[in-house]
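Numbered per this note's numbering, the sequence shown spans residues 5 to 390.
Do not rely on the hints blindly, as some may be mistaken.
[Stated by the list, open to error] 27 Å max Cα-Cα, derived DSS-like pairs, lysine-lysine: (1) Lys333 with Lys370; (2) Lys7 with Lys370; (3) Lys101 with Lys169; (4) Lys101 with Lys7.
[Claimed, not checked] Cβ-Cβ distance ranges computed for the label pairs, FRET-style: (5) Pro254 with Ser293: 16 to 26 Å; (6) Ser151 with Gly31: 55 to 65 Å; (7) Gly211 with Gly112: 50 to 60 Å; (8) Arg310 with Gly375: 32 to 42 Å; (9) Gly375 with Asp338: 14 to 24 Å; (10) Leu319 with Thr167: 39 to 49 Å; (11) Val110 with His374: 17 to 27 Å.
Hints in this document: simulated from the structure, not taken from any laboratory. Since the model is a prediction, treat every value here as computed from it, not as a measurement. We put the CB at the ideal spot given by N, CA and C, even for glycine.
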Amino acid sequence: MLKSCDALVVGAGPAGLATSRALSHAGVRHVVLERGGQIGQTWANLYDNLVLHTAKRLSALPGLDFPSSTPLFPTRRDFLAYLHRYADTFRVPVEMKTEVASLHNVDGTWVARTTSGAEIQARAVVVATGIVSNPHIPEIPGRQRFSGRVLHSVEYRRPDDFTGKRVLVVGAGNSAGEISVELARAGADVTLAVRSGAFVVPREIAGIPIQYLSVGLASLPNSTQRTIAAMIGRLSSLVRGPAMLPPPPPTDCPNVPLIGFQLADLLRAGTIRLKGGVVDFTTGGVRFSDDSEQPFDSVILATGYRAAVGMLHGLIHLDDCGFALRRNKVVSVDQPGLYFVGHNYDIRGGLFNIGRDGRLAAGWIKAAVHGKSRTSIGTQPRSSEK
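Let the sequences and hints guide you as you build the complete structure.
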């Protein structure tokens, strides 16, 4: 059965919901497709004790605040309940358990084919699938001979199964830090493998979330942001002691600091041990870049994610950070009528940018549907905008 609409939004997480609300406000007829069985399917399946690093004021989507009873830094459950409330409040036209297998542009019309074989036509498509649904699993030699358990952090739920076990956590991001701390406090023997490094900054300064400061810094060049993050980290180390983690190498990709001091405190105390990069697996453990070997029962790969754009099957190009090439933050460089919300990550947090980008995409789509020009926003293509 072939359906049609003005705009199709792929994904009913925060990016899809914010975009849907903006499209409704713009009077654009649209539908949201969600592969899972509920709003925010990905958030429903992240680890139990996850807490947002971004304060609720800057984590709320456009048009709806968090309830006053929500803590300053919402938990996963708080945020999931908020997403459901958001969808209900704005009557998001979502179709559940509808996974997009492929997207194709046929003579200026987008055709989405679902895994069930149904097709939907739309004048515009917004890919709002985020990144968490596409975990990055690095190729580490010898994995097949390792006798223990290997899982990505997206599969981790709670520490119960790891108590008393030797666990290696691989990664330097916030998930790696939080999972390592939780495991160590639950009685696991934890080692953290960090190949590159990370800046460690406080979650709050004098009770004020550091994210509020980051809103002003985000317009600065990446090199300047790195310098300021390093300065904050050094000042913090004077108060609490060294962070133990080396600084990350220069990069043009989003480089979110490790927020909070729990990991640094446990590293200094020796509760969590720090090692360098993993070279390969052995039968009973791993070998590190310093040529040392250690036995482990489990290895958790907190190695991040990549943009979930597989349904486009080579129709777009990606930048060096793995995101779609865009101009004006959301507009595909490669394909007309194609937009991306949830591809801009920086120190302000992805949720803050989602609210802005949903409005931008809706503005472009409204202009296209109603035949109006958006030249005032700018139309010259750039390789990517973060």
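Against the structure, the hints:
1. Lys333 with Lys370: holds, 17 Å
2. Lys7 with Lys370: Measuring from Cα to Cα gives roughly 20 Å; hence the hint holds.
3. Lys101 with Lys169: violated, 37 Å
4. Lys101 with Lys7: holds, 16 Å
5. Pro254 with Ser293: 16 to 26 Å: holds, 20 Å
6. Ser151 with Gly31: 55 to 65 Å: Given about 59 Å between the Cβ atoms, the range holds.
7. Gly211 with Gly112: 50 to 60 Å: Between Gly211 and Gly112, where Cβ atoms are some 53 Å apart, the hint holds.
8. Arg310 with Gly375: 32 to 42 Å: Since Arg310 and Gly375 have Cβ atoms about 36 Å apart, the given range 32 to 42 Å holds.
9. Gly375 with Asp338: 14 to 24 Å: holds, 23 Å
10. Leu319 with Thr167: 39 to 49 Å: Since Leu319 and Thr167 have Cβ atoms about 47 Å apart, the given range 39 to 49 Å holds.
11. Val110 with His374: 17 to 27 Å: holds, 22 Å
Violated hint: 3 only; the structure is consistent with all others.
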